[in-house]
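**Student:** With the hints as extra help, turn the sequences into a complete structure.
Residue numbers for the sequence shown follow my numbering, beginning at 1 and rising by one.
There could be a bad hint or two in this list.
Keeping only pairs whose Cα atoms sit at most 25 angstroms apart, straight-line, the calculated DSS-like set for lysine-lysine is [as the list claims (entries may be wrong)]:
#1 Lys34 x Lys54
#2 Lys74 x Lys51
#3 Lys74 x Lys18
#4 Lys50 x Lys18
#5 Lys34 x Lys18
#6 Lys25 x Lys44
#7 Lys74 x Lys23
#8 Lys54 x Lys33
#9 Lys34 x Lys50
#10 Lys51 x Lys25
#11 Lys25 x Lys74
#12 Lys74 x Lys34
#13 Lys74 x Lys33
#14 Lys23 x Lys34
#15 Lys51 x Lys33
#16 Lys23 x Lys44
#17 Lys74 x Lys54
#18 Lys25 x Lys54
#19 Lys44 x Lys34
#20 Lys33 x Lys44
#21 Lys44 x Lys74
#22 Lys54 x Lys18
#23 Lys51 x Lys18
#24 Lys51 x Lys34
#25 Lys18 x Lys33
#26 Lys23 x Lys33
#27 Lys44 x Lys54
#28 Lys23 x Lys54
Hint data in this document are derived by calculation from the structure and do not stem from the laboratory.
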Amino acid sequence: MANNVNMYKFEVIEGIIKAIDFKTKEEVVELAKKMMEAAQSNPKYSASVKKAFKEAYAELSAEDLTLENLYEIKNMLD
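**Tutor:** This is the structure in structure tokens:
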């Protein structure tokens, strides 16, 4: 299950970063928070998916992840 959570987490992070043309880290974190909250309240999502959204939010909101890091990730994904 942990493997699935990690796989889902990276897919969520990729989706969030690619979804918006962000100018600040706060924009990314806010979208991640909204998506996490929506996932948590969706009864159709498995526990693994819900956990992946929670972990993606935690990773994106971590202090050591900078705006520059987010731009680097976005450039790699494009």
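**Student:** With reference to the structure, classify each hint as holding or not holding.
**Tutor:** Against the structure, the hints:
1. Lys34 x Lys54: Holds, because 11 angstroms separates the two Cα atoms, which is no more than 25 angstroms.
2. Lys74 x Lys51: Within the cut-off at roughly 23 angstroms; holds.
3. Lys74 x Lys18: Between Lys74 and Lys18 the Cα gap is close to 7 angstroms, so the pair holds against 25 angstroms.
4. Lys50 x Lys18: 20 angstroms, holds
5. Lys34 x Lys18: Distance of about 16 angstroms is within 25 angstroms: holds.
6. Lys25 x Lys44: The given pair, whose Cα atoms are some 30 angstroms apart, is violated under the 25 angstroms limit.
7. Lys74 x Lys23: Judged against 25 angstroms, a Cα distance of about 12 angstroms means the pair holds.
8. Lys54 x Lys33: 8 angstroms, holds
9. Lys34 x Lys50: 13 angstroms, holds
10. Lys51 x Lys25: 22 angstroms, holds
11. Lys25 x Lys74: 12 angstroms, holds
12. Lys74 x Lys34: Within the cut-off at roughly 20 angstroms; holds.
13. Lys74 x Lys33: At roughly 19 angstroms apart (the allowed maximum being 25 angstroms), Lys33 and Lys74 satisfy the hint.
14. Lys23 x Lys34: 18 angstroms, holds
15. Lys51 x Lys33: 13 angstroms, holds
16. Lys23 x Lys44: 33 angstroms, violated
17. Lys74 x Lys54: 20 angstroms, holds
18. Lys25 x Lys54: Since the Cα atoms of Lys25 and Lys54 sit roughly 17 angstroms apart, the hinted pair holds (cutoff 25 angstroms).
19. Lys44 x Lys34: 17 angstroms, holds
20. Lys33 x Lys44: This hinted pair holds, its Cα atoms lying about 19 angstroms apart.
21. Lys44 x Lys74: 29 angstroms, violated
22. Lys54 x Lys18: 18 angstroms, holds
23. Lys51 x Lys18: Holds, at about 21 angstroms.
24. Lys51 x Lys34: Roughly 14 angstroms between the alpha carbons, so the hint for Lys51 and Lys34 holds.
25. Lys18 x Lys33: 16 angstroms, holds
26. Lys23 x Lys33: Satisfied, since the Cα-Cα distance of roughly 17 angstroms is no more than 25 angstroms.
27. Lys44 x Lys54: 16 angstroms, holds
28. Lys23 x Lys54: With a Cα-Cα distance of about 23 angstroms, the restraint between Lys23 and Lys54 holds, given a limit of 25 angstroms.
When held up to the earlier numbered hints, the structure conflicts with 6, 16 and 21 and fits the remainder.
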